[in-house]
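Chain by chain, the residues:
2 protein chains.
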Amino acid sequence: MDDVVKELADALPAGVVVTDPAALEKYRHDWTHDSSVGTPRAAVRAESAEHVQETLRWATRHGIGVVPRGAGTSLSGGSMAVDGCVTLSLERMRAVEIDTAAKVAVVEPGALNVEVKKAAAAEDLWYPPDPSSFEICSIGGNIATNAGGLCCVKYGVTTDYVLGMDVVLADGTLVTLGGKRVKDVAGLSLLKLFVGSEGTLGIVTKAVLRLVPAQQPASTVIAIFPTVADAAAAVIEIGRTVRASMVELMDRASINAVEDFRPMGLDRDAGALLLVQSDAPGASREEEVAAIVAACELCGAKDVEATDDPAEGEMFVQARRVHFTALEPRGAVLPEDVGVPVPQLPALLAEIEAIAQRHQVEIPVVAHAGDGNTHPAIVYDAGDPESERRARLAFDDVMHAAIALGGTITGEHGVGRLKAGCLEDQIGPAAMALNRRVKAALDPDGILNPGSFV
Amino acid sequence: MDDVVKELADALPAGVVVTDPAALEKYRHDWTHDSSVGTPRAAVRAESAEHVQETLRWATRHGIGVVPRGAGTSLSGGSMAVDGCVTLSLERMRAVEIDTAAKVAVVEPGALNVEVKKAAAAEDLWYPPDPSSFEICSIGGNIATNAGGLCCVKYGVTTDYVLGMDVVLADGTLVTLGGKRVKDVAGLSLLKLFVGSEGTLGIVTKAVLRLVPAQQPASTVIAIFPTVADAAAAVIEIGRTVRASMVELMDRASINAVEDFRPMGLDRDAGALLLVQSDAPGASREEEVAAIVAACELCGAKDVEATDDPAEGEMFVQARRVHFTALEPRGAVLPEDVGVPVPQLPALLAEIEAIAQRHQVEIPVVAHAGDGNTHPAIVYDAGDPESERRARLAFDDVMHAAIALGGTITGEHGVGRLKAGCLEDQIGPAAMALNRRVKAALDPDGILNPGSFV
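Note that the protein sequences, when read in sequence, are chains A and B. Count the first sequence with full-length UniProt numbering and you get residues 1 to 454, in order. Count the second sequence with full-length UniProt numbering and you get residues 1 to 454, in order.
The reader is advised that the hints may include incorrect statements.
Dumping the calculated DSSO-like pairs for lysine-lysine here, alpha-carbon to alpha-carbon at most 27 Å [stated by the list, open to error]: (1) A:LYS439 to B:LYS439; (2) B:LYS26 to B:LYS206; (3) A:LYS439 to B:LYS206; (4) A:LYS26 to A:LYS302; (5) B:LYS6 to B:LYS26; (6) A:LYS206 to B:LYS439; (7) B:LYS206 to B:LYS439; (8) B:LYS118 to B:LYS206; (9) A:LYS302 to A:LYS6.
In case anyone wonders, no lab produced these hints; they're calculated from the structure.
Please work from the sequences and hints to get the whole structure.
Written as structure tokens, this is what we have:
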């Protein structure tokens with residue numbers, strides 16, 4: 001432990017700061033598993049906001065970069081370690097408290113999404129945002145990336161549920177923004193600015209999250225389409241009249257990957273599959289399901305099945321959620337997260353198919369189709385540099401295809417380090433300059449999450 | 001017209017810049033009608049983003065303050081003219097275009113909220129945010145204040161519907177943020193930062209607004225309570241299980257003011273009235289209405305009536321909306337907009353009653369009760385300085401009562417000029433400093449809406 005790190009370790013309780021290489025290993029990679037990962041000079045496992053403040057004051061004093069880290073499930077390199085930096089882990093700060101009268105959860109950033117959901121459910125309340133990784137990802141990471149998920153098409157994303165936060169700025173100042181009140185327009189919307197800032201502006205040490213009454217068990221429609229274009233057309237048709245609580249798409253490659261991994265009897269010849277849920281209350285459920293079925297049939301579905309059995313529905317949702325895991329045996333994966341306006345979905349999916357052919361890589365696609373947010377997964381052979389080279393070309397091409405269609409390089413994973421080079425291609429030099437101005441105003445020494453997008 | 005103004009007038013088409021005192025009169029006051037209003041040196045009636053850019057480049061060059069203005073319906077002095085400044089009116093920029101496939105409206109800032117609603121309705125789509133002034137307020141003003149309204153309790157506020165915008169910065173640079181895509185986390189959430197910034201960071205010249213399928217005609221429940229505390233308890237009870245589409249409260253003074261103005265047979269002896277709507281789809285409506293009625297009865301309502309007739313329901317909503325107009329014959333009004341966490345609603349309402357007695361002023365209250373957002377209206381005699389003095393004391397006391405209860409000085413109207421002095425009391429010095437840092441980064445010369453909250 002060098003003198004500089006020792007100064008921090010001495011200021012914090014024993015065991016908070018670790019520098020042992022074996023212990024540090026855990027804090028290097030996130031789920032990106034990118035080979036450009038560095039090694040931190042230390043990891044700080046904060047147990048309180050005071051520890052975070054102490055760490056940032058120390059980092060500012062010494063000009064040391066700080067990489068914040070929740071559960072380390074970033075798919076865009078958002079919490080990858082950087083050589084010489086300190087990784088600030090929030091994993092030990094995971095208190096969750098429910099205020100039923102105010103319908104809010106007051107949570108620490110290390111709490112897992114699933115832990116907040118469970119605590120809310122115990123009071124017949126619901127915290128909607130549900131990234132596919134909800135069982136293993138932290139609320140702090142969700143806030144950092146403005147995480148989405150499957151129910152967002154009806155219930156919105158993380159930012160829609162953040163009513164308040166404590167955030168520690170680069171210089172160690174703790175600022176409280178918002179609170180338990182639902183509506184508040186006093187001053188600039190700084191709360192919303194910190195959501196999605198990927199640890200580049202400050203570190204959230206507490207959040208007040210809005211809860212809603214418990215969701216009804218949903219009914220599920222599975223529709224098989226000859227082509228992805230037909231499925232995408234059905235997505236638009238459904239959205240015209242129905243507020244479905246889930247509108248997910250799997251293309252042929254994804255269906256086959258899942259069937260290979262865990263056979264469920266999905267139609268391997270389908271061009272695409274739509275998985276649609278309705279949680280409409282009471283007797284209106286039937287009407288909504290009928291409208292979804294009709295929309296699918298109108299758009300050329302060759303097989304449509306509906307079930308009111310939550311267990312059966314959950315089985316299909318599991319098939320969708322397992323997509324990412326199902327790809328593991330096939331090789332390494334570059335996970336994409338591009339989005340387009342919903343009407344551009346067919347064009348984007350066609351473009352992805354062309355890119356897969358052009359670069360001779362497999363690109364199974366799942367999509368939060370109702371929001372136009374797709375997850376093409378570029379599969380490659382990690383041991384074969386040529387395969388990896390082609391995969392990286394495809395990765396860039398997919399992002400530029402989305403941009404060309406008026407879309408985004410990231411709908412919910414964040415820019416992180418993997419996509420930092422492409423951000424300006426999407427938002428343009430003027431918006432990029434504005435990002436830099438806000439960053440410079442809040443973190444003038446640039447110590448927060450260095451090497452990230454701004 | 002002085003030489004400096006002439007330089008701008010010459011750069012813009014004829015009729016865009018006006019300096020004639022009679023013509024300027026229209027651009028002095030907003031709905032605040034505050035006596036501290038100034039007189040602008042000129043008004044610019046921009047017809048395009050280019051005119052806005054030209055104006056801001058000129059203002060930066062000469063260090064002249066610019067007060068942006070939509071329909072001039074601010075209740076917090078947000079668009080009050082300032083001596084020596086230029087008022088930049090967006091009233092002529094009011095195009096509205098609906099993209100049905102993407103379910104968005106692309107609008108110019110001067111378009112009225114009602115115009116966007118109507119254009120969406122023509123395509124069976126709906127733009128939810130509905131400030132009480134929706135027939136006369138502009139979308140630009142709605143975005144500037146992150147306006148709310150009656151349906152927010154279920155459908156959220158303006159920021160939840162803004163997917164993209166063009167904004168002109170102080171130096172005249174036009175930046176495009178977001179677009180027609182529903183989910184996008186690329187870069188900092190600058191879009192959300194501009195929403196609610198009250199014209200202090202930039203001027204919105206175009207907005208992309210999210211639309212949803214048309215709302216079903218609602219069923220309405222009217223419940224009469226012996227006390228406001230009972231009514232407030234019912235609000236919490238309703239929120240526990242039901243997602244009502246409207247939860248409005250009127251206290252006795254408000255009921256009587258409305259009855260005096262337009263007799264509707266409301267119970268003048270009621271302590272408070274709740275106006276609750278359900279727009280649950282199809283046959284589930286009945287269940288939701290029954291749950292609302294049961295919650296009201298559980299909390300001591302002495303009379304509860306429900307109707308499925310939209311026309312009858314709308315009559316009650318009109319009674320609620322007319323509140324503000326109904327006060328006109330009673331004197332001048334200082335309109336409040338304080339909010340608290342919903343469980344603090346009874347305490348806030350009791351505190352307001354005590355403040356009314358203490359300062360011997362009438363303070364009828366209506367509230368978007370489901371969100372904890374109240375509109376106490378402090379009535380005073382404009383011709384009597386002593387009455388006005390007491391009203392202003394009450395105005396401050398109401399804000400500090402909300403702050404003491406963990407609330408906000410403004411839930412949806414904005415801080416503007418009227419509440420600028422109280423903002424730091426609510427958010428504290430650290431958050432205030434953060435507001436100033438962001439303001440300085442984006443508007444270093446401080447030309448945008450000078451004298452406003454930051």
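Verification of the hints:
| no. | hint | in the structure |
| --- | --- | --- |
| 1 | A:LYS439 to B:LYS439 | holds (13 Å) |
| 2 | B:LYS26 to B:LYS206 | holds (24 Å) |
| 3 | A:LYS439 to B:LYS206 | holds (25 Å) |
| 4 | A:LYS26 to A:LYS302 | violated (48 Å) |
| 5 | B:LYS6 to B:LYS26 | holds (21 Å) |
| 6 | A:LYS206 to B:LYS439 | holds (25 Å) |
| 7 | B:LYS206 to B:LYS439 | holds (21 Å) |
| 8 | B:LYS118 to B:LYS206 | holds (18 Å) |
| 9 | A:LYS302 to A:LYS6 | violated (66 Å) |
Hint check: violations occur at hints 4 and 9; the rest are consistent with the structure.
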